[in-house]
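Given chain W, put chain P in place with the hints provided.
One-letter residues, chain by chain:
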Amino acid sequence: MPRTILPIGPYHPLQEEPEFFILTLEGETVVDIDLRIGYNHRGIEKLAERQAYDQITFVVERICGICSTSHPFAYTQAVEDLLSIEAPPRAQYIRTIVAEGERMHSHLLWLGLAGHFLGYNTIWMWCWKLREEILDVMEILSGNRNNYAMFKVGGVWRDIREEDIPVVMKKIDSIIPTLEKLHKAVMDDPVIHARTKGIGVLSKEAAIDYCTVGPTARASGVARDIRKDCPYGVYDQLEWNMIVTHNGDVFDKVAIRIGEMFESIKIIRTCLSQLPGGDIECLVKNIPPGEGIGHIEAPRGECFHYVRSDGTNRPVRHKIRAPTFMNLPTFKETVVGGAIPDAAIVLAAIDPCYCCTERISVRDTKGQTVYSGEDLIKLSQKKTEQIKADMGR
Amino acid sequence: MNREELLQHLQERFSDAIVGVYEKSAKRIYIQIQADSLVRFAQFLFKDIGARFNIASGVDGRTQMEILYHFTVEDIDLVISLRVILPKTQLEIASLTSVFTAAHWIEREIHELLGVNFVGHPQLTRLLLPEDWPEGVYPLRKDYKEWDPNAIRDRGV
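Chains W and P, in that order, are what the protein sequence lines are. When we follow the working numbering, the leftmost residue of the first sequence carries the number 4, and every step to the right adds one. When we follow the working numbering, the leftmost residue of the second sequence carries the number 5, and every step to the right adds one.
Any given hint could turn out to be false.
Here are some chain W residues pointing at chain P (derived, C-beta under 8 angstroms) [as the list claims (entries may be wrong)]:
1) Lys49
2) Trp127
3) Tyr213
4) Arg227
5) Ile296
6) Arg311
7) Lys322
8) Lys391
Hint data in this document are derived by calculation from the structure and do not stem from the laboratory. Yeah, the Cβ is synthetic: ideal placement off N, Cα and C, and Gly gets one too.
With the rest of the complex left out, here is chain W (with noise of 0.2 angstroms):
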């Protein structure tokens, strides 16, 4: 059979990470997926050896606009280790919620996206006006509805203020009626069953040897959170349980996010009712030479950052490890032998930048284009259409 070449990417206004997948097709099965990266890599490592210690925060915090806390909070994480102090309690209480909320709108943001990519743009629509709520009380919390600018080595810029504590709870549980009934919606539908169950399987032995992180890792059955293990914040001081699941397909990773939210306000509600009063940073008047290392759980997983310090007023090294780092590989994995029409949306399911897959582009080997990207989410949607149908829905 003739092998079709499908490139993906790299480039498109929206994507915060531009990446290339070249897709090799027999008939409608992908046999082959190369991957390239570094389309928009921006010197961030070698640029924070030249900035201070309290600008590395705000230059990490613009790496990704929908992290835009896991990197300030890994790396400030990272020169407190280096510094072996604590912030205070206050602090680590704030910067908790802070993850949390982040972790909520992140997660709705890809949901809406799986539900889109699929066809299902009611879903697409209830996550994103969701979504809204969340960045509203990040507004209220930190005066930004992104890049929250919360973070300092040695504590937090901004404190929470008494009076707004009550308009937040009020804005949570607001959301918890509309995420049970997203909940219901995605979990009892047996088209979504149909399309995502199964499909883009990541077994166990390969997400431990692809040492992937958070929900690509935890969808497989690999029991593994920064937030459990390895506790900063103050997620030990919490009850919350971590979600796990065992099929590591498409399904799964949807299940996971889902949970998660539901962990992530619990967390929330948990930390403003219990915030202890008390200062907000402590004081950081020099950074002496030695090394640090701190990791906390993004969204997408284990957030990494190395810092060495000479004694000067900037790093001589600052490695920065993104999750994704680790679980864009696992497409070699997941993507090979399934079919195309299924490729948008295992892509997708790591939740990388998923802005990547409205830049595709279908080419027979003559180079002629035969699909463009749009109509690659229209044969994703055009799938589900048929299984409907096939359903009598």
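Below, chain P alone, put in the same frame as chain W:
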């Protein structure tokens, strides 16, 4: 196996390979090892202890290149960093791709950004740098000089 037992076990098992142990804190240990013992050390941590490979960080010094291989042992909340020091004259080390697949990308990254050769890597091609980047120019090294007169990336901050 708790932290003390693990550390003692490592020191007994790899007594010939360990150059120095630095216990930074209760959750962080740095172990400097001989470069030729890296693969069996990593194999023991990954396969026998069940540690997860976080990432490797290359650090460029004046006279030497350091590579740190970070592993997390989640059961006991411990990050073990294996430190390997390579002389600038011979930047070569065995690849860990035979131990776990996760080493593929980061070794390609260190190879192109810092110029370390990973012996035994199946596909040591570029990961991040563009195709028109000149050979032998390593942007993350301390002595890196901007080579492209039209570049806007290095005009000072």
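Checklist entry - Per the CB criterion, is W:Arg227 less than 8 angstroms away from chain P? => result 6 angstroms, holds
Checklist entry - Does W:Tyr213 meet its interface restraint, that is, does its C-beta lie within less than 8 angstroms of any C-beta in chain P? => result Because about 5 angstroms separates W:Tyr213 from the closest Cβ in chain P, which is inside the 8 angstroms limit, the hint holds.
Item to check | Interface hint status, W:Lys322 versus chain P (Cβ within 8 angstroms) | outcome: 4 angstroms, holds
Next on the checklist: Would the hint on W:Lys391 be counted as holding, given a Cβ-Cβ threshold of 8 angstroms to chain P?
Outcome noted: Violated: closest Cβ of chain P sits about 38 angstroms from W:Lys391, beyond 8 angstroms.
Next on the checklist: Checking hints one by one. Is W:Ile296 an interface residue toward chain P, by the C-beta closer than 8 angstroms rule?
Outcome noted: With a minimum Cβ separation of about 5 angstroms from chain P (threshold 8 angstroms), the hint on W:Ile296 holds.
Item to check | Residue hint W:Lys49, partner chain P, criterion CB-CB below 8 angstroms | outcome: 6 angstroms, holds
Next on the checklist: Less than 8 angstroms between beta-carbons is the criterion; does W:Arg311 satisfy it with respect to chain P?
Outcome noted: 6 angstroms, holds
Next on the checklist: Quick check on W:Trp127 please, does its C-beta sit within 8 angstroms of some C-beta on chain P?
Outcome noted: 32 angstroms, violated
When the structure is compared with the earlier hints, violations turn up for hints 2, 8 and for no others.
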